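Taken in order, these protein sequences are the chains called G and B. With the numbering used here as the guide, the letters of the first sequence map in order to residues 1 to 435. With the numbering used here as the guide, the letters of the second sequence map in order to residues 1 to 185.
Keep in mind that the hints were calculated from the coordinates and are not lab data. Note that the coordinates shown come from a computational prediction; the quantities given were computed from them, not determined experimentally. Here a beta-carbon is modelled for each residue, glycine too, at the ideal position from N, C-alpha and C. Certain hints may be false.
Reference excerpt, derived from the structure (chain B facing chain G, CB under 8 Å, subset only) [unchecked claim]:
id	residue
1	Asn65
2	Ala73
3	Leu75
4	Leu119
5	Cys132
6	Ala161
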Amino acid sequence: MFRAWFAVLRSGGHLIITVPHTFLYERLLSLPSRWNPRQRRLYTPNSLMAEVEEALEANSYRVRLLCDDDNGYDYGVAADHPPSGASDILLILEKIDRPTWRLGPPLAPSKIRSAEPDYAFEPKRTRVESVSQPPHRRILILKLDHLGDFIMSLSALEKARARFPGAHITLIVGSWNVEMARNSSLADEVIAFDIFPRNSTEEEVDVPGKTALFEQLRLGTFDLAIDMRTDTDTRFLLTKVDAKLRAGVGARSQFPFLDIFLPINQTRNEAEAAREDVLRHRDFSWQASADASEFRLKFVSKTIDRASALVWGPYFHLRPGRYEFEPFIEPNRGETGLLTLDVAIDAKPIVQRIISPSDHVGKLAFIVEKPSLSFEFRIWTVGDAAAFSFSFYGGRLIREGGASVLHQSEYQLLLIELVANRLGRFGVLGEMLAR
Amino acid sequence: MKNIILAPFSNSDIRDWPAEHYGALIGCLLDRVEHDRTICVVGTASQRLRANDVVRPHPADRVFNDCGRLSWAALVEELKGAGCVIGNNSGIAHLSGSFGVPTVCVFGGSHQRAEWRPLGDNVILVSRAIGCSPCQLDHNSQSPYDRACLRLIEPAVVADAVMLAMARKTDRAIRQIAGVQQAGF
Numbered sequence: 001m002f003r004a005w006f007a008v009l010r011s012g013g014h015l016i017i018t019v020p021h022t023f024l025y026e027r028l029l030s031l032p033s034r035w036n037p038r039q040r041r042l043y044t045p046n047s048l049m050a051e052v053e054e055a056l057e058a059n060s061y062r063v064r065l066l067c068d069d070d071n072g073y074d075y076g077v078a079a080d081h082p083p084s085g086a087s088d089i090l091l092i093l094e095k096i097d098r099p100t101w102r103l104g105p106p107l108a109p110s111k112i113r114s115a116e117p118d119y120a121f122e123p124k125r126t127r128v129e130s131v132s133q134p135p136h137r138r139i140l141i142l143k144l145d146h147l148g149d150f151i152m153s154l155s156a157l158e159k160a161r162a163r164f165p166g167a168h169i170t171l172i173v174g175s176w177n178v179e180m181a182r183n184s185s186l187a188d189e190v191i192a193f194d195i196f197p198r199n200s201t202e203e204e205v206d207v208p209g210k211t212a213l214f215e216q217l218r219l220g221t222f223d224l225a226i227d228m229r230t231d232t233d234t235r236f237l238l239t240k241v242d243a244k245l246r247a248g249v250g251a252r253s254q255f256p257f258l259d260i261f262l263p264i265n266q267t268r269n270e271a272e273a274a275r276e277d278v279l280r281h282r283d284f285s286w287q288a289s290a291d292a293s294e295f296r297l298k299f300v301s302k303t304i305d306r307a308s309a310l311v312w313g314p315y316f317h318l319r320p321g322r323y324e325f326e327p328f329i330e331p332n333r334g335e336t337g338l339l340t341l342d343v344a345i346d347a348k349p350i351v352q353r354i355i356s357p358s359d360h361v362g363k364l365a366f367i368v369e370k371p372s373l374s375f376e377f378r379i380w381t382v383g384d385a386a387a388f389s390f391s392f393y394g395g396r397l398i399r400e401g402g403a404s405v406l407h408q409s410e411y412q413l414l415l416i417e418l419v420a421n422r423l424g425r426f427g428v429l430g431e432m433l434a435r
Numbered sequence: 001m002k003n004i005i006l007a008p009f010s011n012s013d014i015r016d017w018p019a020e021h022y023g024a025l026i027g028c029l030l031d032r033v034e035h036d037r038t039i040c041v042v043g044t045a046s047q048r049l050r051a052n053d054v055v056r057p058h059p060a061d062r063v064f065n066d067c068g069r070l071s072w073a074a075l076v077e078e079l080k081g082a083g084c085v086i087g088n089n090s091g092i093a094h095l096s097g098s099f100g101v102p103t104v105c106v107f108g109g110s111h112q113r114a115e116w117r118p119l120g121d122n123v124i125l126v127s128r129a130i131g132c133s134p135c136q137l138d139h140n141s142q143s144p145y146d147r148a149c150l151r152l153i154e155p156a157v158v159a160d161a162v163m164l165a166m167a168r169k170t171d172r173a174i175r176q177i178a179g180v181q182q183a184g185f
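Put together the whole structure using the sequences plus the hints.
Below, the structure is given as structure tokens:
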């Protein structure tokens, strides 16, 4: 209604609106009105303005007056009696010429390119997709590796049986695992196929060379085929199986034929061992009392300046991880005295050790929890205690390897859980319409 | 007759189907759904001004701006009882999808839909096959193609998806009553 009234105004014209003020007229917080059964809304200045803002375009009007009109209103009249005096809200809007600019997002795109890029594998189009729960009545599971591998897969096979209760499961295993597989009752049918030699030290592994034999198995058709091996060398066998869906561990880019894939962390095969950085003495800073040569810093106890650190630095930025620093310090064992060694991260000491000349210096272990923190190793004197003479050659910084591995059983449990969720609860995304 | 609920605003504007498209969608739906269905736009109080632009062209007795008017608990109840919920790649679509309510998610290209799509067996995803996705950007102002992944999704296509989602719900209800097992779509 606001829009209709407003439309007939000229620029500079005024729209004057008065509505009953619910706090003065109805004296209610909800309908129906006591005094006017046809009253469909309760108004306050706030709710009236909300309707105006909703109905009229911004900057097509200005509010010239908004006020409560209680002229002559008798506040002494009880709420169950009709009010006396004015009990309205008065609103006056002036129509204005709209400015040329429009309200918009806070930041306009700085530079818009004319055409968005093509999607390389499909024509540009709008996809309308929904999920379905594909049937999985006939399931093939490949578990072709060795005895220990099969034992580590038992919990995943149990899960498969539990998550696909009505399914007929065919399990293909190495001949050495057939008896255990049959005794486990985890499959309805167990088929032997030796794609690996039983003992790899006695016979060469030739997985691709067994492909033709695998194809001769004449397995029939399946709704779902799963390769449970974590290593990727058997995954191609899924392409030799007549299955509507294929599932396994690996990246989609590596195995484009996989419908359901469990991408595992590529650090799985990274070194588990620690990595080393050998730091030379020249990577650090030192106080002027030191005698610096090409190979070492030599400190003599009598000339050490006790007011400052003896060695500090090198302020390397370290990645998060577990570290050890092993300083190369050669004490003069003929002296007595003490020194403090510490490691500081972003100038905050996090590990400290006090040594005497007879101590084995060992390693200072610490953890860097956030990226780009500054590493510093320092040598100090200890309070009023005498220092001892020593040579400093640098040190060895050791970072623990980055491998993030799960147990083989866990990979396989995750794979089965993923497949079960995808086929059941989460569904497989498929296109319904394309425009 | 149950409401149709629109949640046009996420917490990251690059994921928002343009507000004018939502406005046009309302126009399409008013022509196609039963006349006693109402359409509500939901959001926070701070999104109310933007929602005004979405509802303004439409009849005030069928299209409501409820941004900031519903408590969280009331909104959840509204979603559970909705005839269909239309939203972006954002929380409301995830919530209504999890309730099994017919949900149409207009999914932008900033993220992988396979990774972030709302789950639910009555969720329909509308997205654009486009070469710059996923860009992982957060703000529309950063998009070199002015959110082409969303801008090029036409309201009529989303309206088709809404009608489909509501029809599937009805179809499933009939099948359930008839005791027919439903598999897939």
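Okay, the hints, checked on the actual structure:
1. A cut of 8 Å between beta carbons decides the hint on Asn65 of chain B: the least distance to chain G is about 6 Å, and the hint holds.
2. Checking Ala73 of chain B against chain G by beta carbon gives a least distance of about 19 Å; that is not within 8 Å, so the hint is violated.
3. About 18 Å separates the beta-carbon of Leu75 of chain B from the nearest beta-carbon of chain G, more than 8 Å, and the hint is not met.
4. Using the Cβ-Cβ criterion of 8 Å, the hint placing Leu119 of chain B at the interface with chain G is satisfied: the shortest such distance is roughly 6 Å.
5. Taking 8 Å as the C-beta cut-off, the interface hint given for Cys132 of chain B holds, the closest approach to chain G being about 5 Å.
6. Satisfaction of the interface hint for Ala161 of chain B is found here, the shortest Cβ-Cβ separation to chain G being roughly 5 Å, below the 8 Å cut-off.
In the structure shown, a violation is registered for the earlier hints numbered 2, 3, in ascending order.
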